[in-house]
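S.K.: With these hints in hand, go ahead and build the complete structure from the sequences.
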Amino acid sequence: MKYAFIDLHRRSYGVRALCAALQVSRSGYYAAGGRAPSAREARQATLTTDIRKIHAASRETYGAPRVHAELRAHNMPCCRNTVAKLMRQASIMPKSIRRFRVTTDSRRTKASPNLIGRVFTTGRPNACWLSDITYIPTREGWLYLAAVLDVYSRAIIGWAMSRTLDCKLAQDALRMAIGRRGPPAILHSDQGTTYAAAEYRELLGRYPIRQSMSRKGDCWDNAPMESFFHTLKTELVMHNDYKTRDQARASLFDYIEVFYNRQRRHSTLNYEAPLAFEAMQIA
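Just so you know, we're using our numbering here: the sequence shown kicks off at 54 and counts up by one.
Hints in this document: simulated from the structure, not taken from any laboratory.
Fair warning: this is a prediction, and the values are worked out from it, not measured in the lab.
Just to be clear, a hint being listed does not mean it is correct.
To be verified - Simulated restraints on C-beta separations:
#, residue 1, residue 2, range
1, G176, H62, 52 to 62 Å
2, V311, R177, 22 to 32 Å
3, T135, G235, 36 to 46 Å
4, N167, S78, 49 to 59 Å
5, R133, R228, 23 to 33 Å
6, A110, A73, 20 to 30 Å
7, S78, G232, 47 to 57 Å
8, A180, A70, 45 to 55 Å
Here a beta-carbon is modelled for each residue, glycine too, at the ideal position from N, C-alpha and C.
M.R.: See the structure below:
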């Protein structure tokens with residue numbers, strides 16, 4: 054019935070619009086005996102198939118800009134606007150959610166000055182790292198995640214997880230980052246009690262690492278770190294119902310180490326993945 058309706062009205066409304074309205078594929082319509090697709094329609098059908106594959110490989114997280122970058126990386130030239138149009142027509146959309154985060158307040162200790170002033174670009178690795186803590190819901194209760202991000206490449210170079218929100222969590226993430234990269238010049242965070250704690254500052258002083266802090270209550274002073282946590286929750290956490298903390302740990306490890314650092318294209322890096330960007334600068 055739908056294909057017959059399309060045959061009857063295609064001269065007035067066009068096959069594409071009718072197929073979209075009736076929620077049938079153009080390839081299905083043509084296979085059922087409709088008019089053969091034009092060369093342009095055939096190219097767009099092939100491109101839509103490629104877009105679906107890239108979107109699926111991105112764990113359904115990529116929008117048009119990253120899909121377009123992936124197509125170009127595979128020598129499939131096309132216009133970004135065309136990609137966006139085909140994604141809309143095929144109802145291919147990236148995951149999205151609301152935003153939330155952990156907030157802590159340093160009331161009893163003096164905050165360190167803001168040394169970076171929202172300048173989130175550097176010419177080399179280890180010039181400036183950012184750190185923050187967020188929480189992940191599981192059926193067993195919260196799992197807290199501390200992460201350290203290198204501003205240079207946006208790579209997550211250190212992380213730690215715990216059922217308790219304490220100074221050790223942030224220290225463990227920093228120790229991992231230092232073990233991988235050596236110490237940075239500057240470590241920037243919010244004014245939370247975790248980062249203002251004497252134990253944390255003592256760890257910084259051993260190397261030494263200069264401490265920088267955001268202004269009170271200003272999330273924009275740590276924007277790339279905030280952006281990473283938002284991306285993590287948008288693309289992963291809010292689409293999973295973790296039964297246990299261990300299940301969440303495994304999922305977060307896979308996202309950070311396998312997908313985000315090595316595969317996910319970052320708009321700030323000209324749509325290269327963080328570790329690929331670093332490798333390109335060294336080569």
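S.K.: Could you run down the list of hints and mark each one as holding or not?
M.R.: Results for each hint:
Judged by the Cβ atoms, the range 52 to 62 Å given for G176 and H62 holds: they are separated by roughly 60 Å. As the Cβ distance of V311 to R177 is approximately 26 Å, the hint placing it in 22 to 32 Å holds. Roughly 45 Å separates the CB atoms of T135 and G235, a value that falls within the hinted 36 to 46 Å. Checked against the given bound of 49 to 59 Å, the beta carbons of N167 and S78, roughly 54 Å apart, stay inside it.
A C-beta distance of roughly 42 Å is found between R133 and R228, which places it outside the suggested range of 23 to 33 Å. Between A110 and A73 the C-beta distance comes to about 25 Å, which sits within the given range of 20 to 30 Å. Between S78 and G232 the beta carbon distance is about 51 Å. The supplied range of 47 to 57 Å therefore holds. Against the hinted window of 45 to 55 Å, the Cβ-Cβ separation of A180 and A70 comes to about 52 Å, which satisfies the hint.
In terms of the numbered hints stated before, the structure departs from hint 5 and from no other.
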